[in-house]
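There are 2 protein chains.
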Amino acid sequence: MAKSAGIVLIGNEILSGKIHDANAAYLCRELRALGVEVRKMSVIPDELEAIRQEVAQFAAAYDYVFTSGGVGPTHDDVTIVGVSRAMGVAVVREPHLVRLLEGFYPSNLNAARLKMAEVPEGAELLAGDSLTFPVIVIRNVYVLPGVPEIFRQKFEAIRERFREQPFHLRSVFVRIGEGTLADFLNDLLTAYPRLLVGSYPEFRHPDYKVKVTLECKDPEYVDQALTALLRRLPKDAVVRIE
Amino acid sequence: MAKSAGIVLIGNEILSGKIHDANAAYLCRELRALGVEVRKMSVIPDELEAIRQEVAQFAAAYDYVFTSGGVGPTHDDVTIVGVSRAMGVAVVREPHLVRLLEGFYPSNLNAARLKMAEVPEGAELLAGDSLTFPVIVIRNVYVLPGVPEIFRQKFEAIRERFREQPFHLRSVFVRIGEGTLADFLNDLLTAYPRLLVGSYPEFRHPDYKVKVTLECKDPEYVDQALTALLRRLPKDAVVRIE
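Taken in sequence, the protein lines are chains A and B.
Just so it is clear: in the first sequence, position 200 is 200 by my numbering, and no numbers are missing.
Just so it is clear: in the second sequence, position 218 is 460 by my numbering, and no numbers are missing.
Since the hints were derived computationally from the structure, they do not count as laboratory data.
If you're wondering where the values come from, they're calculated on a predicted model, not measured in any experiment.
For every residue, glycine included, the Cβ atom is placed at its ideal position computed from N, Cα and C.
Hints are not guaranteed to be accurate.
Cβ pair distances, simulated, as ranges [stated by the list, open to error]:
(1) B:Gly-345 x A:Ala-61: 40 to 46 angstroms
(2) A:Phe-104 x B:Val-331: 55 to 61 angstroms
(3) A:Pro-148 x B:Val-331: 39 to 45 angstroms
(4) A:Phe-203 x B:Pro-448: 50 to 56 angstroms
(5) A:Asp-187 x B:Arg-405: 43 to 49 angstroms
(6) B:Val-331 x A:Arg-175: 35 to 41 angstroms
(7) B:His-447 x A:Phe-203: 35 to 41 angstroms
Work out the full structure: start from the sequences and follow the hints.
Here is the structure:
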């Protein structure tokens, strides 16, 4: 079984259509490439109770949880408190982070900025030697910032800890529509129940109508299924295989 | 109170990073412009139980629910069954949709294609005169397809039914950072509790450091709050107002 992950984006700005999130799509791609299966993603407002509830559910349901957003110094940054409540721990000021902030703001470390030294009690700090500011993790919940550049920097600094057996993917581009294809795919899934099959219609592509994806962590299983599918499909249906 | 909405995207292809969803961002923007507040968005796999659970929760929590994806003819298209279970109704074949499909596929309306005539029992069909295929709605749940072009066509055909009093938005671009800004915004929220305040740091813009947004359905309230904020901020802090 692949390890599972859930992603919680915390951001009124996404829900109100002001900002188009880029972090979730990036993280879905990265985790997939690492062999991790993202099972759910959600976007919730910057509200304590919403964060508490969502993070608690995700932390119980998935191997890894990633949050994005709500970790700055302003009034609407309540992720640390929300995550702490979700995990049933207090919010504490972390001495190492205080020292870091004292270095960044030697003359103007006010209360708002000091908020960024707060962590859920029992949290670990990761990748402190390669990052300006470490990643905060409490049990299986990784707290990441919303700003895309920093989100990526932080994930890249910790990504190797998530690597496992990769998924193997083959794509078959066909010039028959989904309505005709459906029976072939159902038969294929009956014969290869462990296969993950996707079918993606493309209405404006001149060459093909549907991209079919076959996936599994076992490369031989994917290859056998691919051979079986190609044997079943009408001869002129296949445009190309990737 | 603004009407609330929730968006459920059904799609393994988004979770596995194969496709970058465009429907949710589009819908968040459109609904906001119509005066509707999107309270939550989630992406779940093409799985019956996941769909049932999520749609049931959303339908109980929000005025409007929009689903995207999982409505085609293939094995993984289980949204109609999932939504039906969420609403506690049977799946039925809708005679009007059968006639439409007979028109589209006069000689090859197979079982897979006929699946697209299935709806939750009690569903209404909307915008049938302007669309090739109508929008399916069951109580407060609008079932939309995942293909972005068709998703938009369908939403545009029904959008006016969601229109209400708009949000009024003013944006203030400042050259002070969030750490300095935080106290001003906290004071502002104490004086104007009905205000929705956003603060969006921009690390690479040459002109400003943070974009502050003030929002409310009452335009006078926003203007009063804007005046109050400008009075409080240091004189050279403001770059521009939009």
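Results for each hint:
Look at Gly-345 of chain B against Ala-61 of chain A: about 44 angstroms separates their beta carbons, and that is inside 40 to 46 angstroms. For the hinted restraint 55 to 61 angstroms between Phe-104 of chain A and Val-331 of chain B, the CB-CB distance of approximately 57 angstroms keeps it satisfied. Take Pro-148 of chain A and Val-331 of chain B: their Cβ atoms lie about 42 angstroms apart, and the range 39 to 45 angstroms holds. Taking 50 to 56 angstroms as the suggested C-beta distance range, the pair Phe-203 of chain A and Pro-448 of chain B does not conform, at roughly 42 angstroms.
Between Asp-187 of chain A and Arg-405 of chain B the beta carbon distance is about 47 angstroms. The supplied range of 43 to 49 angstroms therefore holds. For Val-331 of chain B and Arg-175 of chain A, the Cβ-Cβ distance of about 38 angstroms falls inside the hinted range of 35 to 41 angstroms, so the restraint holds. Distance hint check for His-447 of chain B and Phe-203 of chain A: the Cβ-Cβ separation is about 38 angstroms, which falls inside the suggested range of 35 to 41 angstroms.
Hint check: a violation occurs at hint 4 only; the rest are consistent with the structure.
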